[in-house]
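Q: Protein chains in written order, with this note's numbering: chain A, 1 to 436; chain B, 1 to 147.
Hints in this document: simulated from the structure, not taken from any laboratory. For clarity, every value in this text was computed on a predicted model and none was experimentally measured. Glycine included, each C-beta is placed from N, C-alpha and C at the ideal position. Please note: incorrect hints may appear among the correct ones.
[Unchecked claim] Computed spacing ranges between beta-carbons, pair by pair: (1) B:TYR110 <-> A:ARG186: 55 to 61 Å; (2) A:TYR377 <-> B:LYS27: 45 to 51 Å; (3) A:HIS244 <-> B:VAL141: 32 to 38 Å; (4) B:ARG26 <-> A:ASP245: 14 to 20 Å; (5) A:ARG268 <-> B:LYS143: 34 to 40 Å; (6) B:LYS27 <-> A:ARG310: 53 to 59 Å.
[To be verified] In silico DSS-like cross-links for lysine-lysine, where the CA-CA straight-line distance does not exceed 30 Å: (7) A:LYS281 <-> B:LYS111; (8) B:LYS143 <-> B:LYS73; (9) B:LYS73 <-> A:LYS213; (10) A:LYS367 <-> A:LYS380; (11) B:LYS129 <-> A:LYS253; (12) B:LYS63 <-> A:LYS213; (13) B:LYS84 <-> B:LYS63; (14) A:LYS283 <-> B:LYS111; (15) B:LYS38 <-> B:LYS143; (16) B:LYS27 <-> A:LYS253; (17) B:LYS129 <-> B:LYS27; (18) B:LYS73 <-> B:LYS90; (19) A:LYS383 <-> A:LYS367; (20) A:LYS341 <-> B:LYS84; (21) A:LYS367 <-> A:LYS434; (22) A:LYS383 <-> A:LYS341.
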Amino acid sequence: MDTPKRGGDPGELPAGIRFADLVDVPGLQALMDSVHKLIGIANAIIDLDGVVIAHAGWQDLCTRFHRVNPATRKRCVESDTSLAGSMTRGEHFAAYRCLNGLVDTASPIIVGGRHMANIFTGQFFVAPPDLEFFRRQAGEFGFDEGAYLDAVARVPIVPQERIEAITGVYAQLAQTLAANGMDRLRQLTAERDLEAANRGLEARTRQLEAANKELEEFSYSISHDLRTPLRAIDGFAKILVDEHDARLDAEGKRLLGVVRDNAQRMGRLIDDILRFLRMGKRKMECSRVDIAQLARTVFAEVRGGAPARRLRLEVGALPPAWGDQEMLRLVMQNLLANAVKFSPAEREAVIEVGGAAEVEENAYYVKDNGLGFDMTYVDKLFKVFERVHPTGQFEGSAIGLAIVKRIVDRHGGRVWAEGRVGGGATFHFALPRKGV
Amino acid sequence: MENNIVEILMIEDTEADAELAIRALRKRGFANHLVWVKYGAEALEFVFATGAYAGRNAENRPKVVLLDLRLPKVSGIEVLRRLKGDERTKRIPVVVLTSSKEEVDLEECYKLGVNSYISKPVEFDEFAKVVGELGLYWLLVNKLPNA
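Isolated chain A (complex conformation) (with noise of 0.2 Å):
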């Protein structure tokens, strides 16, 4: 049987879903069970495809009699067959006489614009019964006439009126059923959108997982590929310097020189680029850290990396943080180099870190009396390769920065800065506080 559609949303009904995919079926029969109770008319609940899905209070003379005899239940069958083809025309009620002289009553049920099932009552009658008739048809269907006609005595007497209000209980409860069914089915819809968009999240983590693993991949090809000629360009330029020195004029060794000069400092390029990426994918093992402390060491190894200069560190009173102590270490290393490096090595650089606890952060900064930067260029300073000054001027691969702010961005912080050409630069980075 075709399923007829009426109004609604039909779209919104997955295919194949049925109506006690929409109900609690023990709930149901409960339910049905009590309203029999309470108004003594037999009630079932039956989908499109003929399956029963609750019902209650049939009568004996139906279920002893007309449902046992061939030629009744045959009548029985037509009788269902009319009542529910009544339904499928898009009638909301029906009252119908059976061909065994009962009367029984339908109404659809319609969930999301679909008629899904539908609710029968009865049997009952609206007038005593004529038990001539009923005489006659145990007569000629052979059965017992008294047990007969107690049975036929048990079937409830319904005034006409009382139709009506019965009908509209039943049409009451078909409505709540059915809204009912639309809010079971409006969740299975919603969970399976959930569900899809989880499958969907899935494969899209599986997809950057690969990218990931893909990235490391050729992070490992870098490490080795472009080092290994860069070892040889280097090493044989050295070997020229050293064996072939007496065939070399000065403008000669000069030149190997800046070719030296220059594969090191690829070499120390690729290093960087490599820590930087290390860093993207570093298991993170986070305790409480000093900043002020991890300062002053990290200071003492700038120091000593540039003896000829003169340096002065001031460290205010700073919260600990709550990270990985060897990647905040990297985050201190680079601010303070860089800090160095923009100074004027004919003056005495001071370097103040200092911070404060905010409300949801702790807050540092690292701040110098250098040549500063210009604040139209700010944004390119955390990137990687950009540069604020020219190569040459200063050396160095310009991914400090960025490793500053891979690693801050890792411990859910964030970094920013400030400066003015000639006025020293302001590094600050900002970390969750993390309960210390």
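Start from chain A and add chain B according to the hints.
A: Quick look at chain B alone, frame taken from chain A:
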């Protein structure tokens, strides 16, 4: 037989790297009994005296093996696994000399029993220093049990 003596077995497929390393070792006087092979399979034939090296006396084991990790066909890791997995060769010190800076390789090598793991510096002076020092250490300073 004198010409069977081998002190260093170098497995390195990059000719330039091999030449630089040999020069650095020669400067320190450690390259007199050095054998250089380019492939992992050849290295295994040499050590176990099979294939192209079937006539060699396998009892003459190198004092140290310098092993590059990234080799075509039989990888450096595989050579390490075979050397350390064989009763006859597991005591030969193996030094991995590699351009790789990946920690995965490092872990894998130590799991397999590598004796030393060195990342080759790009700067030749550094490289020469590292190679010279490891020659000094494994050939002169380190003591191996007598076979």
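Q: Evaluate each hint against the coordinates.
A: Outcome of the hint check:
1. B:TYR110 <-> A:ARG186: 55 to 61 Å: holds (58 Å)
2. A:TYR377 <-> B:LYS27: 45 to 51 Å: For LYS27 (chain B) against TYR377 (chain A), whose Cβ atoms are near 48 Å apart, the range 45 to 51 Å holds.
3. A:HIS244 <-> B:VAL141: 32 to 38 Å: Given a distance of about 34 Å, which is inside 32 to 38 Å, the answer is holds.
4. B:ARG26 <-> A:ASP245: 14 to 20 Å: holds (18 Å)
5. A:ARG268 <-> B:LYS143: 34 to 40 Å: Holds: the Cβ-Cβ distance is about 38 Å, inside 34 to 40 Å.
6. B:LYS27 <-> A:ARG310: 53 to 59 Å: Since the Cβ atoms of LYS27 (chain B) and ARG310 (chain A) sit about 40 Å apart, the hinted range of 53 to 59 Å is violated.
7. A:LYS281 <-> B:LYS111: holds (22 Å)
8. B:LYS143 <-> B:LYS73: Roughly 33 Å between the alpha carbons, so the hint for LYS143 (chain B) and LYS73 (chain B) is violated.
9. B:LYS73 <-> A:LYS213: Holds - the C-alpha atoms of LYS213 (chain A) and LYS73 (chain B) are around 23 Å apart, at most 30 Å.
10. A:LYS367 <-> A:LYS380: holds (19 Å)
11. B:LYS129 <-> A:LYS253: holds (22 Å)
12. B:LYS63 <-> A:LYS213: Not satisfied, since the Cα-Cα distance of roughly 38 Å exceeds 30 Å.
13. B:LYS84 <-> B:LYS63: holds (14 Å)
14. A:LYS283 <-> B:LYS111: Distance of about 20 Å is within 30 Å: holds.
15. B:LYS38 <-> B:LYS143: Holds: LYS38 (chain B) and LYS143 (chain B) sit about 28 Å apart, inside 30 Å.
16. B:LYS27 <-> A:LYS253: holds (22 Å)
17. B:LYS129 <-> B:LYS27: holds (11 Å)
18. B:LYS73 <-> B:LYS90: Between LYS73 (chain B) and LYS90 (chain B) the Cα gap is close to 22 Å, so the pair holds against 30 Å.
19. A:LYS383 <-> A:LYS367: holds (20 Å)
20. A:LYS341 <-> B:LYS84: violated (48 Å)
21. A:LYS367 <-> A:LYS434: It holds: about 25 Å lies between the C-alpha atoms, which stays within 30 Å.
22. A:LYS383 <-> A:LYS341: Roughly 18 Å separates the two Cα atoms, so the pair holds.
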